[in-house]
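> Residue strings, one per chain:
Protein chains: 2
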Amino acid sequence: MAKTVALFLFVYVAGIVAGHGEYRGKETVSVTATLGMPWPMPQQYSSTQDLFTINRNAFKFRATGQSCDILESAFFRYQTIIFGLREEVLKFHPKLRAGTLTELDVNVKNKCDRYPYLGMDESYNLTIAASGAILNSNSVWGALRGIETFSQLVLQQSTDMFSVNGTTVVDYPRFQHRGLLLDTSRHFLDVTIIKQNLLAMSQSKFNVFHWHIVDDQSFPYTSNNFPDMSKMGGYDSRHIYTQDQIAEIIEYARILGIRVVPEFDSPGHSQSWGKSIKDLLTKCYSGSKPNGQYGPIDPSLESSYGFLAKFFAEIGKVFPDHYVHLGGDEVNFDCWKSNPNITAFMKQKNFGTDYAKLEEYYVQRLLDIVSGVNKGYMIWQEVVDNNAKVSPDTIVEVWKNQYQLELSKVTWRGFKTLLSSCWYLSDISYGIDWPKYYTCDPHEFIGTAEQKKLVIGGETCMWGEYVDNTNVISRTWPRASVVAERLWSAQSVKDATAAAPRLEEHRCRMIKRGFPAESVNGPGYCPQEYSIPV
Amino acid sequence: MAKTVALFLFVYVAGIVAGHGEYRGKETVSVTATLGMPWPMPQQYSSTQDLFTINRNAFKFRATGQSCDILESAFFRYQTIIFGLREEVLKFHPKLRAGTLTELDVNVKNKCDRYPYLGMDESYNLTIAASGAILNSNSVWGALRGIETFSQLVLQQSTDMFSVNGTTVVDYPRFQHRGLLLDTSRHFLDVTIIKQNLLAMSQSKFNVFHWHIVDDQSFPYTSNNFPDMSKMGGYDSRHIYTQDQIAEIIEYARILGIRVVPEFDSPGHSQSWGKSIKDLLTKCYSGSKPNGQYGPIDPSLESSYGFLAKFFAEIGKVFPDHYVHLGGDEVNFDCWKSNPNITAFMKQKNFGTDYAKLEEYYVQRLLDIVSGVNKGYMIWQEVVDNNAKVSPDTIVEVWKNQYQLELSKVTWRGFKTLLSSCWYLSDISYGIDWPKYYTCDPHEFIGTAEQKKLVIGGETCMWGEYVDNTNVISRTWPRASVVAERLWSAQSVKDATAAAPRLEEHRCRMIKRGFPAESVNGPGYCPQEYSIPV
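Listed in order, the protein sequences are those of chains A and B.
Numbering of the first sequence is given in the numbering used here, commencing with residue 1 and proceeding in unit increments.
Numbering of the second sequence is given in the numbering used here, commencing with residue 1001 and proceeding in unit increments.
Excised from the complex, chain A in its bound form (with noise of 0.2 angstroms):
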């Protein structure tokens, strides 16, 4: 395992040739993981060769400031996960000791939210030093990232025995949109793997679920007022998920300070809506008569919107956060094209052979709607990029290539922008492919500083055409840590030879944790590895 990281670079472009010929020789070298360094790094982080020492058996978190259900149940889930694990012998025997440490003050200054939103304040510090160890934060939110990075920092010595470095650490998020996708409309995942997968986010400081819950495929979310969405439109009654179940993701995220933003996306998207909503879908025509085909929701018809008041009224209740995904991504025109209603309509309209201006004339009164339920929505690039006038505080998704381009062209024209274009994790290729994650920055395109600052984030995506309760956390993880620090981490913190010894850690550490999470790095090995139940 030994060898320097300068080698590192070398390995991963020679990592990434096929065939066990072209590089079978090549991988003696492995990257030797760092101990008791935190992923994401923080924004101020210095430690000291004092040692302190942690008997598991006397350790308590202890809230010196405000607390509540999210704060008490973070000092319950962090025993187990710094304390409650198999033994583990460290490599080096430090000759410091500074004494001992017997509890961590956590000390939020203001009343908890209930929810997590965007815009929260995620800051904190933290000091472990002689005279204590001390988490301060002006909200529970901060403290949930603070006590995730103090758990980053303990080692174990032996059984009973741990240890941390002195440590300071003053920390706070780049953006603050962080999210992740996970997409249960192609594949079904089971809720014990979406609240694993959150558990996950919430190790890496990812704040929002980008849950793209229904799609052309299949409709698995269970409608109070359209039940029959998810009995015809999804895979079966196996694969869908109830209105409990929905509560218990919700309520599960909302205590890892993690927000759940729902998409439904339309007009495109939708074929799974149309099985159980009549006249819903564009009936598409082979000349003078319908072909049996469905196009995108059909915008000529009043009953479209009545639809779409109800549901997204209930959307509104259903969840808690401020923002609902509208969609709005890939349209194709050529079913509305062949409709003979939909030509009348557009003539009736005045939008002449423009069909660009019948989407924004959906787009138009869907966002209205949404408006009309106190909702701020999300939506993926095209809408804008089809010149739709959308309200200025839309949040846009640039999703496709040549991103750095549309960040300018969006952020020019005035609109917060998420990127997501080059944190595709779906898209897998042999080797090691995190770097180029790594290395993508949201804030590089041509921009002023105040177009710089309506970049509000990023979300890497997993869509589900080839994952499912299989594959799915070992296919993500550690892969999106990687996007999970450049959202929070400095943007001078690029250096992918340097932060490998770190994810290296990172990876094993999410494994002795119970996240089946994949090899990035090359041949290695981790102290304890994933071990599945016989």
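Where hints are given, some of them may not hold.
Distance ranges between label pairs, derived from CB positions [stated by the list, open to error]:
1) A:Ser237 - B:Cys1068: 44 to 54 angstroms
2) B:Gly1119 - A:Gln245: 37 to 47 angstroms
3) B:Lys1436 - A:Thr102: 52 to 62 angstroms
4) A:Glu330 - B:Lys1436: 23 to 33 angstroms
5) A:Leu405 - B:Ser1237: 48 to 58 angstroms
6) A:Arg56 - B:Thr1192: 23 to 33 angstroms
Keep in mind the hints are simulated off the structure, nothing from the lab.
Ideal Cβ placement from N, Cα and C applies to all residues, glycine included.
With chain A held as given, fit chain B onto it using these hints.
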């Protein structure tokens, strides 16, 4: 989920394009699984509309011919595999009921062998009719293959009631060597994972576990004669296989009719050997001084052969199979060239500057040593590419590109050959990649009938650089099953579009049986999904 198979070809072409925009519009189509179709496809297979019901409480396997521990444990295993699963109600309700089935008579003609071997008779006939269900085979190995086929024909109708159609199967493998390689050097794999993989192999009729047990990175094999090899060459004391664990794996494979062929690769890929065996590896020189680097095993020292004789005498005893894989790939001559003692040795042997002659000399002596302990050997193609004289019964494994040319060459020279070039499962890519494995055929090269006969099969390889306990099963299955069908079924069974629905059923069947077999056909679902323990 409804789709016509005709659409499928389009889907997997479309599916390979990356980026959600480029493909998200296209995957409303997926593959609809077959019901009760076997994988791999038998040589002759026909079924009737006659439907026999089976009450799980009334059914039993009965040995009407020879029996032994192998057959008894198969009876026990398949009672659970077929009947011990959660309920799945069938989607179709058969009209015809031709009666009930209360037993499968398994009639093995010849006394059981203790261990499976190259060329064992795996043929069997299976008949399910009003007259009863009978499985005939010459050997117990054929019975194992036939019982697996039977288990795949049985479908569950309700908690206790199962059904099977009238069926006639005449079956035997197209190739006698059907292998899967796992690499436990780049990443260690738990015994539990290796056993789970062996069980999966048996359900796709693989019959050889090629255990690439050691390599440059680590030496997890615990040697009786040289215990320091794993002590110093293993990653650490938790990443080695004890003799008891190796025996456990061999026994588990035996019961499943799977041969265990260990690979001890030399003279290259042996860096981990050198950590404990003094002077085994060639000292590399810079100018007139050793530079601290080591190359392949030093062929100029008698001590090397003394070690190899003692080491392979042990291997010959530990592994019951007649064959050992001796590697021989990717020998880098640079270090040999730099070493003055080697230069002197070359001179003394009149090898001139032809280091291939030196390699041949080493290989010759190694092969003599291994023959001396009555073992046959497999080698990677380079050994014969470099024109080393090897004994005529050597099995040459072709793994490099341009494999068709290589197959022609190697068989022309009269060697038995295995193909693995086109079956590297470790070389992943986005989308539906299995058709490229499915359409590769070991007989598609220019050669005489005699040459074709020399191709005794092939192996699919999951190299260990990027897989470990966390993802090796999900990444290997069901992709490896695609190769299993190519190696078992008739050459004419090669239409990926036609195979897709059967592969879809096979994948869901594996999930039902507890394997995290990943999605390979794009969006869709299984009646029972894989679930992780909470």
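> Against each hint, give a clear statement of whether it holds in the structure.
Status of the hints after comparison with the structure:
1. As the Cβ distance of serine 237 of chain A to cysteine 1068 of chain B is approximately 45 angstroms, the hint placing it in 44 to 54 angstroms holds.
2. Here the CB-CB span from glycine 1119 of chain B to glutamine 245 of chain A is close to 55 angstroms, at odds with the stated 37 to 47 angstroms.
3. The beta-carbon spacing between lysine 1436 of chain B and threonine 102 of chain A, approximately 60 angstroms, falls within the hinted interval of 52 to 62 angstroms.
4. Evaluation of the 23 to 33 angstroms hint for glutamate 330 of chain A and lysine 1436 of chain B yields a pass: the beta carbon distance comes to about 28 angstroms.
5. Checked against the hint of 48 to 58 angstroms, the C-beta distance between leucine 405 of chain A and serine 1237 of chain B comes to roughly 55 angstroms, which is consistent with it.
6. The supplied range of 23 to 33 angstroms is met by arginine 56 of chain A and threonine 1192 of chain B, whose beta-carbon atoms lie about 29 angstroms from each other.
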